[in-house]
Amino acid sequence: MTTPVELSIPLPRSVNTRIYMQLTVKSKAITLFLTTASAEEAGAPTPMGSFVYAIPDRYNPSQPLSTALFTVEPTIEFTTRMAKLIARKTRLPAYVGNSISFASTGLGGTVEEEMEAFKQVAGLVLSNLQHVIDPVNGQSNGTETRGQSNISDHLSSLVGATTI
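In this note's numbering, the protein residues as written are 326 to 489.
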């Protein structure tokens with residue numbers, strides 16, 4: 326999928342505001358851009374938010390490494406979490422730009438509202454990345470073997486032992 330996929334969901338607990346996403350999967354990296362807009366501000370430019378780069382850690386796969394390339398305080402945590410989630414699930418580098426504003430939510434952007442939005446965005450993005458997350462024959466990007474469990478399963482079948 327080298328052509329960007331554009332997606333949209335309603336911003337949780339808000340009226341007439343949507344989260345817009347642009348997702349691009351290249352052979353070596355994934356890019357995701359997030360922003361919000363209401364019907365009233367559809368033509369108005371949105372200020373740039375944070376931009377984060379995350380890569381999978383070969384030595385600790387559950388904790389991807391990340392660096393903020395551009396930071397805007399209200400968006401940096403959401404952006405970093407999303408970039409790390411994508412890098413961990415796909416085992417590919419991820420670039421995430423985020424300018425989502427929670428100002429129009431019911432309570433003005435509480436932790437619960439932000440978490441609800443994060444879950445919805447993550448669910449939609451990961452569902453569009455299933456071809457990268459669950460690759461055919463246990464291979465990532467068609468070239469490298471996926472996961473320690475695949476190696477363990479293969480070794481177990483050769484020796485006749487079971488994996489714990």
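No lab work stands behind these hints, which were simulated from the structure alone.
For each residue, glycine too, the CB sits at the ideal point set by N, CA and C.
Treat the hints with care, since some could be wrong.
Subject to a maximum C-alpha distance of 30 Å in a straight line, what follows is the list of computed DSBU-like cross-link-like pairs (lysine-lysine) [to be verified]: (1) 409 - 444; (2) 351 - 414; (3) 351 - 444; (4) 409 - 353; (5) 353 - 414; (6) 444 - 353.
Cβ-Cβ distance ranges computed for the label pairs, FRET-style [unchecked claim]: (7) 363 - 452: 17 to 27 Å; (8) 364 - 385: 38 to 48 Å; (9) 341 - 370: 30 to 40 Å; (10) 390 - 440: 20 to 30 Å; (11) 384 - 437: 29 to 39 Å; (12) 413 - 369: 32 to 42 Å; (13) 371 - 453: 14 to 24 Å; (14) 369 - 398: 16 to 26 Å; (15) 334 - 436: 28 to 38 Å; (16) 392 - 364: 29 to 39 Å; (17) 352 - 440: 17 to 27 Å; (18) 384 - 448: 21 to 31 Å; (19) 352 - 428: 34 to 44 Å.
Which of the stated hints cannot be reconciled with the structure, identified by number in ascending sequence?
9, 15, 17
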